[in-house]
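K.L.:
Based on the hints, put chain B with the ligands in the right spot on chain A.
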Amino acid sequence: MTAITKKPVNPTAHLTPEDIEQIGIELDAIRQDILDERGASDAAYIHRVVDVQRRLELASRAVLLFSSLPPAWIVGTIGLSVAKILENMEIGHNVMHGQWDWMRDPKIHSTTWEWDNASTADGWKHSHNEIHHNFTNIVGKDNDLGYGIMRVDEDQRWHPAYLAQPLWNFINACFFEYGIAAYDLELGRNLRLPKERRSDEFKRNLKNTLKKIRKQATKDYVVHPALSIPTGSFLPTLAANFTANLVRNIWSHSVIMCGHFPEGVETFEKKAIPANETRGEWYLRQMLGSANISGSKAMHIMTGNLSHQIEHHLFPDLPSNRYAEIAPRVQALFEKYDLNYHTAPLPQQVYSAWHRVVRLSLPNGWLATTTVKNLPEQAKLLWAMSTKGPKVRRAAQARLEQQARRQAAAAAA
Amino acid sequence: MSIALPSGTTRSRRGRSLREGLRRVAEAAVTPLELGDVLDVFHPLRRGADLRARIVEVRPETHQSATVLLQPGRDWAGHVPGQYVRVGVDVDGVRLWRTYSLTHGPRADRRISITVKAIPGGVVSNYLVRRARPGQMIQLHQSEGEFVLPQPIPAKLLLVTGGSGITPVIGMLRNLFSRAERPQTDIVLLHSALSRAEVIFGSELRQYDAAGWLRLVELHTDTHGLLDVADLDRLVPDLAERTAYACGPAGLLDALQEHFDARGLTLATERFRAQLVEAGDGGTVTFAGGTPLEADGATPILDVAENAGVLMPSGCRMGICMGCVLPLKEGAVRDLRNGALTTAVPGETGPGGVPIQTCISAAAGPCVIDH
Ligand SMILES: Cc1cc2nc3c(=O)[nH]c(=O)nc-3n(C[C@H](O)[C@H](O)[C@H](O)COP(=O)(O)OP(=O)(O)OC[C@H]3O[C@@H](n4cnc5c(N)ncnc54)[C@H](O)[C@@H]3O)c2cc1C
Ligand code: FES
Numbered sequence: 001m002t003a004i005t006k007k008p009v010n011p012t013a014h015l016t017p018e019d020i021e022q023i024g025i026e027l028d029a030i031r032q033d034i035l036d037e038r039g040a041s042d043a044a045y046i047h048r049v050v051d052v053q054r055r056l057e058l059a060s061r062a063v064l065l066f067s068s069l070p071p072a073w074i075v076g077t078i079g080l081s082v083a084k085i086l087e088n089m090e091i092g093h094n095v096m097h098g099q100w101d102w103m104r105d106p107k108i109h110s111t112t113w114e115w116d117n118a119s120t121a122d123g124w125k126h127s128h129n130e131i132h133h134n135f136t137n138i139v140g141k142d143n144d145l146g147y148g149i150m151r152v153d154e155d156q157r158w159h160p161a162y163l164a165q166p167l168w169n170f171i172n173a174c175f176f177e178y179g180i181a182a183y184d185l186e187l188g189r190n191l192r193l194p195k196e197r198r199s200d201e202f203k204r205n206l207k208n209t210l211k212k213i214r215k216q217a218t219k220d221y222v223v224h225p226a227l228s229i230p231t232g233s234f235l236p237t238l239a240a241n242f243t244a245n246l247v248r249n250i251w252s253h254s255v256i257m258c259g260h261f262p263e264g265v266e267t268f269e270k271k272a273i274p275a276n277e278t279r280g281e282w283y284l285r286q287m288l289g290s291a292n293i294s295g296s297k298a299m300h301i302m303t304g305n306l307s308h309q310i311e312h313h314l315f316p317d318l319p320s321n322r323y324a325e326i327a328p329r330v331q332a333l334f335e336k337y338d339l340n341y342h343t344a345p346l347p348q349q350v351y352s353a354w355h356r357v358v359r360l361s362l363p364n365g366w367l368a369t370t371t372v373k374n375l376p377e378q379a380k381l382l383w384a385m386s387t388k389g390p391k392v393r394r395a396a397q398a399r400l401e402q403q404a405r406r407q408a409a410a411a412a413a
Numbered sequence: 001m002s003i004a005l006p007s008g009t010t011r012s013r014r015g016r017s018l019r020e021g022l023r024r025v026a027e028a029a030v031t032p033l034e035l036g037d038v039l040d041v042f043h044p045l046r047r048g049a050d051l052r053a054r055i056v057e058v059r060p061e062t063h064q065s066a067t068v069l070l071q072p073g074r075d076w077a078g079h080v081p082g083q084y085v086r087v088g089v090d091v092d093g094v095r096l097w098r099t100y101s102l103t104h105g106p107r108a109d110r111r112i113s114i115t116v117k118a119i120p121g122g123v124v125s126n127y128l129v130r131r132a133r134p135g136q137m138i139q140l141h142q143s144e145g146e147f148v149l150p151q152p153i154p155a156k157l158l159l160v161t162g163g164s165g166i167t168p169v170i171g172m173l174r175n176l177f178s179r180a181e182r183p184q185t186d187i188v189l190l191h192s193a194l195s196r197a198e199v200i201f202g203s204e205l206r207q208y209d210a211a212g213w214l215r216l217v218e219l220h221t222d223t224h225g226l227l228d229v230a231d232l233d234r235l236v237p238d239l240a241e242r243t244a245y246a247c248g249p250a251g252l253l254d255a256l257q258e259h260f261d262a263r264g265l266t267l268a269t270e271r272f273r274a275q276l277v278e279a280g281d282g283g284t285v286t287f288a289g290g291t292p293l294e295a296d297g298a299t300p301i302l303d304v305a306e307n308a309g310v311l312m313p314s315g316c317r318m319g320i321c322m323g324c325v326l327p328l329k330e331g332a333v334r335d336l337r338n339g340a341l342t343t344a345v346p347g348e349t350g351p352g353g354v355p356i357q358t359c360i361s362a363a364a365g366p367c368v369i370d371h
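Protein chains in written order, with the working numbering: chain A, 1 to 413; chain B, 1 to 371.
Some clues are possibly wrong.
Chain A stretches covered by chain B per the calculated footprint, using a threshold of three residues with CB under 8 angstroms from any CB of chain B [what the hints assert, rightly or not]: (1) 36-48; (2) 97-105; (3) 110-120; (4) 301-308.
Since the hints were derived computationally from the structure, they do not count as laboratory data.
All residues carry an ideal CB built from backbone N, CA and C; glycine is no exception.
Chain B with its partners taken away, still in its complex shape:
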């Protein structure tokens, strides 16, 4: 069959160049729009479109939280449970980007879900929990994140979660338990929440516990007080044998990290926000050719710019993904997590400037950013 091969490739090559030709004609017919802009009018979730999702359902979980079921566009590349997704939500007409953990394993219907807890004064979380409606479109990026279970699944797991920190973990659990053959993993889930009623996925977790699929230790702040890591050895005597994961408020994660470090154990953590230090004095931010924007010492340059209507690259908004990096040409910025100063002096710091993460950097004097 060696003769058929070349003719086959020519045909497919011809097919490809025909398609390419048609595409060029279509593009010439819609200029100055891009072909995608026109197709978006009819099919925003098609293959090749910017990644978006349609809200299919908003299901309340507790008084403060809801699960948003999404139908992503055809180019959604899937995810590993425990990962998160960046979503762009139009709140009062303004597109705001936030990050949410995926709360299902991959599903047969290709849908994905996030579970959001409304925090007091939180713009996007309150919108998603209380105002989002089926049919609305949101913007999406592909899944990201390292907070995933290793393969093969370890024999013994410890999962420590606080409040909405349950979200990446429920994704892992649902995925494990939906398999045809449930892995024989010994799982302890230590979950801390304000009260019994505030436990997101409470009844589902209790069912898993009743079925013997995991051991659930619930701690409710209103009756038990805050989780004290000193109790950890008592609650989980075989701590050292377990592969440990934790997600929750910064205070909890810091205490856990210290506890594990002291014992030479490793702990995988997922943080929902960066830990910040005291703010500096602020300054101004100028983008190539623009007018200087006033920037206080506590507000990330990313927020300053977006509030002024500048389109900025961004990602996790907490300093981990590097999706927001831009070159600082001149001036100084302060890292909001540790107070470190980064300076750029024209002529001294190279023509390309110094790359900075705008999401965790605040102006420390007048800054010029190339964008």
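Same shape as in the complex, but just chain A:
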């Protein structure tokens, strides 16, 4: 994706400043309606989800005490995976957003919640709530999902190191919780600093994160396997817990990729965001920077209702059980103002997001100009671009882009 302001046709060009402010007013009205209605049934919902999650996790772990029996391993691992996903997505993520703070229940509150994840609640709340939700999809400011380590935008200059990014992305998916912990800490930036220049805050956060990781690992890889020793299930339980963490990591990574990465989701230039962005402008950026996943009710719950990513980004602190209800109103607003409400089923969004990761791992225009027939030539070109230094790279890049443009023009004619 090219930042919205650099595109030939800016998808918001048809909106007047008055339109944008009107969008803000209409979205505020939707928000107010939910605030007015929010009450006992919402509270009952989250209490039920928490209750079900805790029972499911306990039951699964109990079954896994006998995990040397294959059926027990399978049932326990599935149960634990689902429990961990529920805990991170529908409960943890949303509670830490403050979606349930209005209940004033200290047990379900953004300031007290700690989640089943390598990253600490405090670190995550900072990088996710403050940075990502404020600076959504602003290239260079929003660190969510690998800006910084990955090339996510055409405007970022291509470098051969990016060829490995599909691999990095896959590894990141498998160990996503550690990836999150690392970027909450801004680990890369901090490790590049000499030791004595790292801030006390970083050292404190690092210590807390390591402590958290140790407790998490002790639980999944020491205590529960050890409790399974009497049935000879030490290794099976360890494997089951590892599998459940892996499933949870890949699932949450996929959902989050779907939220901002599919082709067609807009990115923004840092310098094009006005310093005093209005509420309407902020809303508009959230509308275009997110994508939804369509599907069943069970799917919505398992994604923590991040399948309603657009609604979530517009109203991050409304209770997640309400997103489905407001989605039609939000979609109608998109239509009224002729904007693209980006939604598709899960497999399609995952494919689209991965397609973008692969496409951007290659020089701009390379994938578009490659066919089965010219593959050997294109591979040779890529090899040259990767090994022959910046001069060759720049020249080849210019040619590729020209070719892609011509091809697009021909297709349009």
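P.N.:
Coordinates of chain B with the ligands only, in the frame set by chain A:
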């Protein structure tokens, strides 16, 4: 038997360290949850849990009031009749804390009860009287309060109550009268209510009167008009000889207090709400690192913060328990009871700030509170 002693202690010490060890393993197995969170799923009233209670019964008393019978958690430490309890009730999903007097003496079945009068527009009182159902859970604190009878019980008592102010007093009476040997105390109960039908515990009180256990003087506003303290000497000629307790509306308590002060007599009172003065201009409240909240001059900072979803310490919510105290780092607040200003200036008022009671303080300009 001096030899057995050390081995006994070692065994119990070993038992304790074994239990401690098991606990540590269990905690490591449920992290990041606390063990209590997991046990709460199965047994929310167990020993060691946060104090809660299950509603056992909601029994109507008058049209406007009901008694809520509660089964408290195992850690309930008991109470002295006349004391109150703070309860946290989830109304429309929102946890609201209020204070209610305990209306029974300690009971054999360990249950406790509160009696609530629904006040017009009152959120929690209307919920408890009309919508609360058996089986629901509420949050609880241990009992508190100084409004209790001295020991030994004085020979002569005067109890003056108005409306729902009967609640702490009925607790005292029930406790006295349920004893195997009823104390030979001469009790006068002066109770004022809107009408005969509005008298909470009316038939019970009249039975006590008929049995000669106390002398009940009922004053109904609809027929007798408001209780005039000038009549007190006529209604209770031996006023000066009686240990006196009063609970009811602020107007009644103020008049009584004046009457007793003028005669150099002491009066113990229980107030259900703080007396407030005219509000000031208001301002904003900022909590450490948060965004400023708009706060008008009439709303306690505690309410402003809770309405914005901030978790706040609180207690009686009327300025007596100090359960809501937080340090004011910067700015000024107005005491809603007397209008007094408290200010904190960084650098001048000590690094810890100035402790303020958020339940009776309103913002008077921009304030920063450390929380
Ligand atoms: C020590 C103590 C003991 C108490 N014991 C009892 C008891 O045994 N039984 C009982 O019914 N209540 C008792 N109360 C009062 C009780 O705590 C609540 O204040 C009362 O139930 C009103 O709460 P609410 O949520 O219904 O009203 P809110 O929604 O908080 O208030 C609604 C309106 O009523 C006004 N208001 C608030 N409190 C009162 C009040 N007490 N009287 C008249 N107007 C009020 C408010 O200013 C507001 O305008 C006691 C209070 C204290 C401090
Ligand atoms: S809550 Fe009791 S003094 Fe404020």
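K.L.:
Against the earlier hints, flag every one the structure doesn't satisfy and list their numbers going up.
P.N.:
4
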